[in-house]
Every structure is written in C-alpha cells, then in structure tokens.
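Trainee: Chain residues, written in single-letter form:
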Amino acid sequence: MLIRLTGGTVYDPASGIDGQQQDIYIQDDRIIDKPLGEFKVDQEYDLKGKVVMSGAIDMHTHIGGGKGNIARTLLPEDHRQDPVPRSDITRSGCGHAMPSTFVTGYRYAEMGYTAGFEPALLPINARQAHMEMGDIPILDKGGYVMLGSDDYLLRLLTAKKDQKAINDYVAWTMHTAKAIGVKVVNPGGINAFKFNQRKLDLDEQNAHYGVTPRDILRVLATAVKELGVPHPLHVHGCNLGVPGNVQTTLDTIQGIGGLPMHLTHIQFHSYGTEGDFKFSSGAAQIAEAINNNKNVTIDVGQILFGQTVTASGDNMRQHANHKHASPNKWVTMDIECDAGCGVVPFKYKDQNFVNALQWAIGLETFLLVNDPWRIFLTTDHPNGAPFTSYPHLIRLLMDRSFRNDMLATIHPEAQKMTTLASIDREYTLQEIAIMTRAGAAKLIGLKDRGGLSAGNFADITIYTDNTDRQKMFEKPDYVFKDGQLVVVNGKVVSTKWGTTHVVKPDFDPSVEKGLKDYFDRYLTMKLGNFKISDDEIIEDGRGSITVHPLSS
Amino acid sequence: MIEVTEVPSPFCGIGTDDLTIRVEGVSLKVIDNGCAINTPAFEQAITDTSPRVNGKEVHLDIAIAAAAALLKDTHLPVIGGCATDVNGMRGLLALADRVGAVVDNMNFTGARNNFLALQDSGWMNTTLAEVKNRCDLLLVVGTDLEAFAPRFFERYLWNKEAMFLDDTSSREVICLGKSPSGSASTSPTGKQAQLLPCVTEDLPEVIAVLRALVKGQPITATAVCGIAVADLQALADKFKAARYSVVTWAAGALAYAQAELTVQTLSEMIKDINNQNTRCSGLPLAGKEGDQTANQVCGWTTGYPARMRFSAGFPEYDPFLNDTHLLLANGEADALVWVQAFNSKSAPPETTLPTIVVARSGMVFTKEPEVFIPVGTPGIDHVGHAYRMDNVVAIRLKKLRESGLPSTAEVLNAIEQAL
Chain A
2 MLIRLTGGTV YDPASGIDGQ QQDIYIQDDR IIDKPLGEFK VDQEYDLKGK
52 VVMSGAIDMH THIGGGKGNI ARTLLPEDHR QDPVPRSDIT RSGCGHAMPS
102 TFVTGYRYAE MGYTAGFEPA LLPINARQAH MEMGDIPILD KGGYVMLGSD
152 DYLLRLLTAK KDQKAINDYV AWTMHTAKAI GVKVVNPGGI NAFKFNQRKL
202 DLDEQNAHYG VTPRDILRVL ATAVKELGVP HPLHVHGCNL GVPGNVQTTL
252 DTIQGIGGLP MHLTHIQFHS YGTEGDFKFS SGAAQIAEAI NNNKNVTIDV
302 GQILFGQTVT ASGDNMRQHA NHKHASPNKW VTMDIECDAG CGVVPFKYKD
352 QNFVNALQWA IGLETFLLVN DPWRIFLTTD HPNGAPFTSY PHLIRLLMDR
402 SFRNDMLATI HPEAQKMTTL ASIDREYTLQ EIAIMTRAGA AKLIGLKDRG
452 GLSAGNFADI TIYTDNTDRQ KMFEKPDYVF KDGQLVVVNG KVVSTKWGTT
502 HVVKPDFDPS VEKGLKDYFD RYLTMKLGNF KISDDEIIED GRGSITVHPL
552 SS
Chain B
1288 MIEVTEVPSP FCGIGTDDLT IRVEGVSLKV IDNGCAINTP AFEQAITDTS
1338 PRVNGKEVHL DIAIAAAAAL LKDTHLPVIG GCATDVNGMR GLLALADRVG
1388 AVVDNMNFTG ARNNFLALQD SGWMNTTLAE VKNRCDLLLV VGTDLEAFAP
1438 RFFERYLWNK EAMFLDDTSS REVICLGKSP SGSASTSPTG KQAQLLPCVT
1488 EDLPEVIAVL RALVKGQPIT ATAVCGIAVA DLQALADKFK AARYSVVTWA
1538 AGALAYAQAE LTVQTLSEMI KDINNQNTRC SGLPLAGKEG DQTANQVCGW
1588 TTGYPARMRF SAGFPEYDPF LNDTHLLLAN GEADALVWVQ AFNSKSAPPE
1638 TTLPTIVVAR SGMVFTKEPE VFIPVGTPGI DHVGHAYRMD NVVAIRLKKL
1688 RESGLPSTAE VLNAIEQAL
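For the protein sequence lines, the chains are A and B, in the order given.
Add 1 to the 1-based position in the first sequence for this note's numbering, that's all there is to it.
Add 1287 to the 1-based position in the second sequence for this note's numbering, that's all there is to it.
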C-alpha cells in the first residue's frame, strides 16, 4: 500500500526541515523516498495548509506498573467523573488522572502521540509493567529499569566490587527486565527508608551500607555510559519537593563529573528558601546550570492545576508528603529488597501559594533553558498533571499573552516570586517538534523513530494550523502509526498494537553465579523464574520486541 | 517421565516456586516441597476433557457456539468465579465488556474488607522478601496463618539467614484472635508464638484498644474481651521497640459485618507506629483462586477491582451490589458464567438461570450447566501469569504437560469472537 501525504508543511527537526512544504510517501509501515519512474498511489491525503510532524514520543510517563494500578484502585471517585464507553472498535474504560490501559492508548493517540516510556520499571515488578503496557493499544512503549535502592547493588558497593561487576549487573538487569534505559529514584533513599531514615542528602550515608547517593549516581551513570546504553542515566534526585533542594540539584550536576545524565521532573527539584513563605524559585539557577553543562538533559514535570494523583518509587518522600494528600488517603510500600512506591492524591490549586509557584517554576525552566534538544515536555504523568493536559501546556509555552493572562490569576504572592511575566520567549513549532519528537527519539536511542525522512517508521501526526495552540494540539486531523491511519479528527478510527523498545547490552554470563546465590539465600523467587523471557511479551500474538543499537 | 524443578504455584498465594514435580503422561506427582494446599492442587487428575452442552459431549466449537448463543440475548449476565491467570482475565474482561456483564471475583466479599479501607484512607504495606530479611516482630491478626499458607513460616520467617537479622529464630510471633492450628509458628529453637486469644467478632474492640495504646491514650479498663490490657500495652511497647514489625491478616478470615473498619484501624495503627520513629508495615494475605490476579487485571483494564459491571457500556464499580450471590438471589441476573481454572471443587453457586461453566476438568455439578467447557489449569497445562498475595509480584507459570485442554483465554476469546 502506497500512501502520499501531499503538500503539508513539514516540521522534521531530525532532518533539519523547519516548516517546508513537502510530500511524504508511505509504503506499508515505513516512510520512503518518492518512488522512481511511474508509480500508483493507493491513497492520497491533501495536506495543504496542514502541519506535519512525526508521532510524538512521551519520554517519561507512568503508564505501566504496580504503583499506577494502586493509584487506579485508590481513586474510584475520580474514574466516575470520566467514564469511557466502548465502541465497535474500542474498549471501554475510564479516564482522568490515571486512565485505564486501553483509554491511555486511545487518548495518547488522539493527541498525536505514538510512543510512551514508563520511567520506573522495578525489576521485580517489570513483568506487571510489561503486561499493563501490553494492554495499551496503538502506542509503542518501553521502560527504564529502576536501580539504586536494591540491596544487591548496595552490597556490591559495600563489598567494593569494581565497575565491571556493576556493569555486568546493570546489563543483566536490563536484559531480565526488558528495559531501554536505567533509572535511579532518590538514590539509596528508598532503601534508607526501610532502615527508618526519613531523609537522605546527596552526601549522607545509608545507615546500614555506608553508601551515599553521590556514590550510587556515579557508578550507575558510569555503567550506563560504559555499556553503551544510548539513554543517559535517568535520575530522580534526592530531596524531591523539599524547599532548598535547588542546591542538591546543582550539587548533583557538579557531582556527576561530566558523565551523561538526565534529570527528570526537575521542577520538583528546583526550590529555594527565600521570601516570606521560605519557598522560592530556583529555576534560573537550574537553567543556567543546564545551559552550561552539555552532558545534562532534563524533563520538566510541569504541574497544572486540578486533581491528580502522584505515584512514585520514592516512598521516603511520598511518606513525608502524605500530609498534603487530597483526598486524604495514601499508600506506601516497601518492595522485595528491590525498591518501593508511594501513591498520594494531590489537588494542585492556583490559589495555593506553593502550588502556584510550582506552576511558575516549571514554566520558567522551560523558557530559560536554551537548547530544546536537551529539555523535554512532561508533566511526569500523572504526578504533575494527567498527560491529557499537554495541549494546554504547549499553548502556555507558545503563547506569551495567554501565559501572562493565566499568570495574573494565580496566588498574588506567587506572582511576586516569579520572573515569568518578564520572559518574552515563545516556543516555535520546530522547538515543540524537537522536544516531543526528534529530541525524545535521540535521547532514548530509538532507531528509525521520531523523524520523517525515508527509512523511518511511518508514525506521523497532522494538525490544522491554529493560533490557539491548545486547540491545534488536542485534535490532530490524522495520526498514522506504522503507516496505519489510527486517528481522524482527534478520534480513534482503527487500532493496532505497538512494539516494546529495548536495548540488550553485553554482560559476562558469570554474573549469574553471585546472583543465583543471592536469590536462593535472600529473595523469594528462583533466579530462573525471575527473568522475563521474550515469549512473555510476544506469545499472545500482539506484542513484539524491537532491539535498538548500542552507542559505540 | 520427566521431573520439572523450580515449579511456581498459583494455588498457595505466597509464591512458592521451588516445587519438583514428576510428570508421567498427564499425571503429576509432587516430589519435593509440596504442602497441604499445593500437592493436591497439582496432583488432581484430569477426568473430563470433552465439553458438554446440556449434558451431552460435543466438540469445542459446538460448545463455544452454544455459549455465544446463550449470551447473545442476555441483559445482565454475571461472570463469577474469575479464578484464572492474567490472559484468562484479559479474555474474561473483553467478553464482559462485549456483553455488558457483571464481573465478580469469588473472593471479593473477603477482599472487600481491604478495598474499602484502602479506598477510604490507604495503608503502608510490605512484601514477602522484606518480611524474610527485615521482620523482627510479626503480629498475626484473626487468621490461622499456617492453615492459610502452610509454608509461610518456613520460607519467610524461619529462613536460615536474613540480610538484616543476625538470628532469624529470635524473631517474635504474636497471634491475636485465632490461635494457630499447628506448630509452624514455633521457631527452630523452640520459641513459641505468644497467643492473645479472643473470638473473631471481638477483634474490632481489641484492636481499637491496641491502637489507642499505641497512640498513648489512657485506657481505664483492665481487660478487653478476655485479653488483659497490660498484655496489649506490652504489645504496643514491642511495636515501638521493634525495627521492622509487620502486621498480617487474611481479609476473608475477618468474617463479620463491617470488618473493613478493623482493617482500617490496623492500617491507621501501622501509620501511627511509623510516626513514632520506627518502621511497621501491613501484609494482607490473599492470592487464592486467582483473586489478586483478577483484581490487578480488572484494575488496569477498567480502573476498578474485580466486582464491577459493564452493563451501562462503561465500567461501574460497586463492591456490594455487584455480588454474584445477591444478583442471583434477587433476580437481577439473567445468566451465569462461572470461570474457575484452578479448582474443580469450586462449583458455581446454585441457580436456575442458564449457566455456562468454563472450569478445571473434573468439576462435579448438582445441576448440569447448559454449557460446560473444561479448560487447562494455568501453571500445569499452559504457561501464564498469576499474582501472589503481596500484589507487586507476578509469577511466571510453567507448562508441565501436554493435556490438549484449551486455556481460559482461548475459550473466552472464542466465545467473544463468536458473538
């Protein structure tokens, strides 16, 4: 089947195309060059006056795994506000803060997204994360496996094992969990909470192991780099949400010593202690550090006002934050000498000083970081806001007068504490395409995704240009996934199953010797039963695995 | 004949995965690490392999067509049991979505005690490996733990070594309410569990006093429901002195009205202890008859645990009104689908409604259902996934033999296709 998309205005940062009129040819699931000689087009779409981008990629969104399912179970009243009926081609479910899996796939696709990556795949819960993502239609998916509070790694560090031993363990874990990246959450802090530590600064020791977060960050960032994993170590830093944590974040950037590092939902880690309420924006300092340290990338974790639920691996900080729970119910778990989780519902209010300033801090960060290839558009779904708020967020970034109108409505003391009104920048369509497409694909290391040149998979989103960017981005005219037309006028018209993206770095098979002994002595599962086989993802006939190349 | 090692069990709920099973044709024998629950569950023989329609043996296609025809004109079919693996639940929910059915896991009335507490105020919980390596004080509430899970103590308390305890046999076990039926809770060095017995229905009162003592509230009574307040005070003190205490209960064992308030009081007490400069966690026992699996898969597919309905065209949750027994008794349901791939002794509730049974081979009926389709058991006849009690861990089930029986998922998907 040959499809021609005719005359659209193309934004394809991956090939340096910035708003040029171009035809795009799709043969089956891939984009191809214009065929030579005579050819017959099976289907043509006239895209004159339309905006063409590749399918958007959410590089940090909690769409699979146990804590999300706890969040769902915790909030029946939220689901009741947003029931989703079935149709002839779609399954029923629920939406709002933590949508059901099928609805997650439909709603992402209906906004022009074609891939989402779960950032917190606990090794012991990776099976569940993949099963949940296996029930998300249309989207491609993948996950970053969580390490850093697992007792095995901390034992390796205490035993002064060399970097090669760490690398082998990290690579083995990526294989067994079927991951494309490595994440660390409150490095060592989840473990420290099990020893009743309630906070852990960058240079504070774990009471049992004597290991510091700085040590953990360094060995894991080194492992990721030496193994050739394209996605840099994905870091949820220490002291999430704590006023004054901007200093921790700046120290973390310095402490990584030039190694590649991605700091996630940095908004929650950019707080100062100035002003009457001892809470202030650290965004300018953070942005300056990001601008000056080319080894560091960030995503923002923007908050937007309204009800949501926070679901995090960081049970230490979530326990401390439970007093803000709204409604007042919350869950924490210690998990299998591996990790933990905490689920706390939040209602961000524009008339609450702290929430209002959080909102401004996120936007300041977006607007003060210069390089759109190193900053990514996230709300840390669902923690800052549900992913369905992205079109609104894009409008805030692209439309200064809209932003300033919104700014004028928030808590007056927060307005005084932000420089937002003085920032003129408006994101361009090309910059949005970088953040949500080309840059994300590059950051994750996705081959043949995130671009519109020949050879890429035909994940393509077409919008009608509209000065109201929210309206434009919430309702694409067409979305193609692997060449299949899945959305027309913002509604799903057909469904399919996406692939699971992974990398498979090499490891010395003898790593299993130490692991087998550890599993037999201390864990509750045999090593052989712990490892996830490819079959588990592909055996029902709808999943598939795509292995991406390592960096050389 | 072959011997399969490291076999995981979907039956016991605590994720034992060290069984050795001898397979001869279709007969299984547990050679190592069996228990009173797992051994009979694995060894149960296959009897019927042929589907039946109105008592007559038919080909699978005929039975599937008959099931589809029966469901086609129903207004409120109830899919009960819901005891199967992850893929079975996926198929079950797809069918239920299609026909507008009620979905109700057979253990939900017990599990409801937990869900109501969770959805009202939440909890702080832990998992089995944390218990194995950290727990220094275990309080068992209202439950005969070794009858529930015969190998719990051996695997998770009296393990030879633990990462964070010098001597696992020095752990303290206290049973509140029900006393243990055997001696599994006695440590390898002979230290017996402390018993604080009371009748199950008195637990709300006893636990209310215990929580008050944990919070330092004055109690003027000297005894509550036969337990000395001084003993409860000593227990409260032990919680504060322990480094990582764990409180466990089986929601289904708290079989009295409004037992969710007991779970809530326990869970709030655990939070209180965590505010007193030490750690304490809950450990709800479950994982039987596919209950955790049903609630997890239903959770991510619909947003709600497995007592919900699709009759409005979208998921609706009501933990009381969607009870199978209630819907059968008050005449709201007009058909019953009973799905039970694990336990052939778990027959459908009696009803005069048209009934489709998709169940483990060997099920005996007081009234022959309109359609009976014997299916393979996950972890024996086909691979699959099941959740253990602690909710986080899904175990990968093995295929042990070639029985030719279809899986629950295959049968339910085929019925949905036939519609």
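Worth flagging that the hints you see were computed from the coordinates, not collected in a lab.
Model, not experiment: these values are computed from the prediction.
The reader is advised that the hints may include incorrect statements.
Below are the DSS-like pairs computed for lysine-lysine, each with C-alpha atoms no more than 25 Å apart in a straight line [stated by the list, open to error]:
no., chain 1, residue 1, chain 2, residue 2
1, A, Lys51, A, Lys330
2, A, Lys517, B, Lys1525
3, A, Lys330, B, Lys1316
4, B, Lys1685, A, Lys324
5, A, Lys517, B, Lys1632
6, B, Lys1502, A, Lys532
7, A, Lys514, A, Lys497
8, A, Lys295, A, Lys200
9, A, Lys226, A, Lys476
10, A, Lys417, A, Lys350
11, A, Lys348, B, Lys1558
12, A, Lys162, A, Lys532
13, A, Lys279, A, Lys295
14, A, Lys448, A, Lys472
15, A, Lys417, A, Lys162
16, A, Lys161, A, Lys514
17, A, Lys527, B, Lys1447
18, A, Lys35, A, Lys448
19, A, Lys514, B, Lys1685
20, B, Lys1447, A, Lys517
21, A, Lys279, A, Lys226
22, A, Lys514, B, Lys1316
23, A, Lys330, B, Lys1685
24, A, Lys448, A, Lys162
25, A, Lys527, B, Lys1686
26, B, Lys1316, A, Lys324
27, A, Lys200, B, Lys1447
28, B, Lys1558, B, Lys1632
29, A, Lys527, A, Lys350
30, B, Lys1632, A, Lys200
31, B, Lys1447, A, Lys330
32, A, Lys527, B, Lys1316
33, B, Lys1632, A, Lys532
34, A, Lys497, A, Lys226
35, B, Lys1478, A, Lys527
36, A, Lys161, A, Lys476
37, A, Lys324, B, Lys1632
38, A, Lys51, A, Lys472
39, B, Lys1359, B, Lys1316
40, A, Lys200, B, Lys1502
Trainee: For every hint, state whether the structure bears it out.
Mentor: We went through each hint and held it up to the structure:
1. For the hint linking Lys51/A to Lys330/A, the alpha-carbon distance of about 46 Å lies beyond 25 Å, and the restraint is violated.
2. The hinted pair formed by Lys517/A and Lys1525/B fails the criterion: a straight-line CA distance of about 35 Å is larger than 25 Å.
3. Between the alpha carbons of Lys330/A and Lys1316/B the distance comes to roughly 47 Å, so the proposed pair goes past 25 Å and is violated.
4. Restraint check: the Cα-Cα separation between Lys1685/B and Lys324/A comes to about 44 Å, which exceeds 25 Å; the hinted pair is violated.
5. With a C-alpha separation of about 38 Å, the suggested pair Lys517/A and Lys1632/B falls outside the 25 Å cut-off, and the hint is violated.
6. Of the pairs offered as hints, the one joining Lys1502/B and Lys532/A is violated, with about 44 Å between alpha carbons and a cut-off of 25 Å exceeded.
7. Of the pairs offered as hints, the one joining Lys514/A and Lys497/A is violated, with about 41 Å between alpha carbons and a cut-off of 25 Å exceeded.
8. With a C-alpha separation of about 30 Å, the suggested pairing of Lys295/A with Lys200/A is violated against the 25 Å cut-off.
9. Between the alpha carbons of Lys226/A and Lys476/A the distance comes to roughly 39 Å, so the proposed pair goes past 25 Å and is violated.
10. Under the criterion of a C-alpha separation no larger than 25 Å, the hint pairing Lys417/A with Lys350/A is consistent with the structure, at around 17 Å.
11. A distance of roughly 22 Å separates the Cα atoms of Lys348/A and Lys1558/B; the hinted pair therefore holds under the 25 Å criterion.
12. Proposed proximity of Lys162/A and Lys532/A is supported: the alpha carbons are some 23 Å apart, at most 25 Å.
13. About 31 Å separates the Cα atoms of Lys279/A and Lys295/A, which puts this hinted pair outside 25 Å; it is violated.
14. For the suggested pair Lys448/A and Lys472/A, the alpha carbons sit about 31 Å apart, so the restraint of at most 25 Å is broken.
15. For a cut-off of 25 Å, the pair hint linking Lys417/A to Lys162/A is broken: about 51 Å separates their Cα positions.
16. Note on Lys161/A and Lys514/A: the hinted pairing holds, with a Cα-Cα distance of about 18 Å set against a maximum of 25 Å.
17. For the given pair, Lys527/A sits about 16 Å from Lys1447/B by alpha-carbon distance, which is consistent with the 25 Å threshold.
18. Between Lys35/A and Lys448/A, the direct Cα distance comes to roughly 21 Å. Compliance with the 25 Å bound is thereby established for this hinted pair.
19. About 23 Å separates the Cα atoms of Lys514/A and Lys1685/B, which keeps this hinted pair within 25 Å; it holds.
20. A distance of roughly 16 Å separates the Cα atoms of Lys1447/B and Lys517/A; the hinted pair therefore holds under the 25 Å criterion.
21. The suggested pairing of Lys279/A with Lys226/A is violated, with an alpha-carbon distance near 38 Å, which exceeds 25 Å.
22. About 30 Å separates the Cα atoms of Lys514/A and Lys1316/B, which puts this hinted pair outside 25 Å; it is violated.
23. Note on Lys330/A and Lys1685/B: the hinted pairing is violated, with a Cα-Cα distance of about 38 Å set against a maximum of 25 Å.
24. For the proposed pair Lys448/A and Lys162/A, the alpha carbon gap of about 34 Å is over 25 Å, so the pair is violated.
25. Note on Lys527/A and Lys1686/B: the hinted pairing holds, with a Cα-Cα distance of about 17 Å set against a maximum of 25 Å.
26. With a C-alpha separation of about 53 Å, the suggested pair Lys1316/B and Lys324/A falls outside the 25 Å cut-off, and the hint is violated.
27. Using a Cα cut-off of 25 Å, the hinted pair Lys200/A and Lys1447/B is violated, with the two alpha carbons roughly 32 Å apart.
28. A hinted pair counts as satisfied when its Cα atoms are at most 25 Å apart, and Lys1558/B with Lys1632/B does not qualify at roughly 40 Å.
29. For the given pair, Lys527/A sits about 47 Å from Lys350/A by alpha-carbon distance, which is inconsistent with the 25 Å threshold.
30. At roughly 51 Å between alpha-carbon atoms, Lys1632/B and Lys200/A are farther apart than 25 Å, so this suggested pair is violated.
31. For the suggested pair Lys1447/B and Lys330/A, the alpha carbons sit about 38 Å apart, so the restraint of at most 25 Å is broken.
32. Proposed proximity of Lys527/A and Lys1316/B is supported: the alpha carbons are some 21 Å apart, at most 25 Å.
33. At most 25 Å may separate the alpha-carbon atoms for a hinted pair to count; Lys1632/B and Lys532/A exceed this at roughly 33 Å.
34. Simply put, Lys497/A and Lys226/A have alpha-carbon atoms about 34 Å apart, too far for the 25 Å limit, and the pair is violated.
35. A C-alpha spacing of about 29 Å is found between Lys1478/B and Lys527/A, which places the hinted pair above 25 Å, so the restraint is violated.
36. Our distance criterion of 25 Å between C-alpha atoms is broken by Lys161/A and Lys476/A, whose separation comes to about 54 Å.
37. With a C-alpha separation of about 47 Å, the suggested pair Lys324/A and Lys1632/B falls outside the 25 Å cut-off, and the hint is violated.
38. Taking the CA atoms of Lys51/A and Lys472/A, the gap is near 14 Å; set against the 25 Å cutoff, the hint holds.
39. For a cut-off of 25 Å, the pair hint linking Lys1359/B to Lys1316/B is broken: about 42 Å separates their Cα positions.
40. At roughly 24 Å between alpha-carbon atoms, Lys200/A and Lys1502/B fall within 25 Å of each other, so this suggested pair holds.
Checked against the numbered hints given earlier, this structure breaks hints 1, 2, 3, 4, 5, 6, 7, 8, 9, 13, 14, 15, 21, 22, 23, 24, 26, 27, 28, 29, 30, 31, 33, 34, 35, 36, 37 and 39; the rest are met.
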